[in-house]
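Q: All chains should be built: construct the whole structure from the sequences, respecting the hints.
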Amino acid sequence: EVQLVESGGGLVQPGGSLRLSCEASGFTFSSYWMYWVRQAPGKGLVWVSRINSDESSRSYADSVKGRFTITRDNAKNTLYLQMNSLRVEDTAVYYCARDGLRKNAFDIWGQGTTVTVSS
Amino acid sequence: DIVMTQSPLSLPVTPGEPASISCRSSQSLLHSNGYNYLSWYLQKPGQSPQLLIYLGSNRAPGVPDRISGNGSGTDFTLKISRVEAEDVGVHYCMQALQIPLTFGGGTKVEIK
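Protein chains in written order, with our numbering: chain A, 636 to 754; chain B, 962 to 1073.
Think of the hints as simulated: they come from the structure by calculation, not from any bench. For each residue, glycine too, the CB sits at the ideal point set by N, CA and C. Fair warning: there could be bad hints in the mix.
Estimated spans, in silico, between C-beta atoms of each pair [stated by the list, open to error]:
#1 B/Gly1007 / A/Gly650: 42 to 52 Å
#2 A/Ser698 / B/Gln1008: 18 to 28 Å
#3 B/Pro976 / A/Arg654: 43 to 53 Å
#4 A/Thr704 / B/Gln1059: 15 to 25 Å
#5 A/Arg693 / B/Gln988: 35 to 45 Å
A: Given below as C-alpha cells:
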C-alpha cells in the first residue's frame, strides 16, 4: 500500500525546535519530489517547503525561510522538516505530500502531525 | 505570488443535485507545455486532503466520473453532476505553476 506516515509533532515553547519525519512505503521514494503543507487550526492549506528527488533543489515559503530546513534520506525512505526558532504562528497540522509523477499535484498525503507552539 | 480565489465560501446542496465551485488565479496557470497547473482537493471532515483533479481536468484514480474539472488560464471550475454524501467537506484548488505554491481559501460543501 502506498503510504506516508508523519511523526515528530508535539508541544514546544516559542523559540524551540522540532524535527518532523515522514516515512514513505509502497513506492520508489527516491523518484518523487516531496512537499510539506500545513494547516493552522480552523484554517486552510498552506504550502511550506519542497525538495526534489536527489536533494539538489529545495524551496521554502517566505514565512519559514531561514528557520525551517527540508531534507530527505532516500536510503531510509524518509522526508524530514527541521523546524527552528518556532513561533506561535507555526502552530498547525503538518502534512507531507508526494508530487505525483507528471501530475504537478499532490497525489498522496500523510495523516498529518500536530505542532503546537505555546508557552 | 499567485493569488487563488474560490467561490462560493459555502455551498449547501441537495443530494442528487449538481454543484459547481469556481477558482480564479491572479495569473495564467497555462504552462508552455499546454497544461494548466491547477489541481483540486477534497478534505473530508477530520481527514487529510485527497486529490480529485490534476492538470486542470484529469481525474485522479478512483474519483467518480460525476466529478469533473475544466477551465484554462485564470478561470477554473469543479463540477459535481450529482452530489452525494461522500462529497461533503472543504474543496480546495491549488496552483503548481510557480513557487510559492498557493491554495484557494476553500469551499465548504454541505448537505442541506
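Q: The structure should be examined with respect to each hint, and the outcome stated for every one.
A: Going through the hints against the structure:
Taking the beta carbon of each, B/Gly1007 and A/Gly650 are about 31 Å apart, not inside 42 to 52 Å as hinted. Separation of A/Ser698 from B/Gln1008 is about 25 Å and conforms to the stated range, judged on CB atoms against 18 to 28 Å. For B/Pro976 and A/Arg654, the Cβ-Cβ distance of about 45 Å falls inside the hinted range of 43 to 53 Å, so the restraint holds. Taking 15 to 25 Å as the suggested C-beta distance range, the pair A/Thr704 and B/Gln1059 conforms, at roughly 22 Å.
The beta-carbon spacing between A/Arg693 and B/Gln988, approximately 24 Å, falls outside the hinted interval of 35 to 45 Å.
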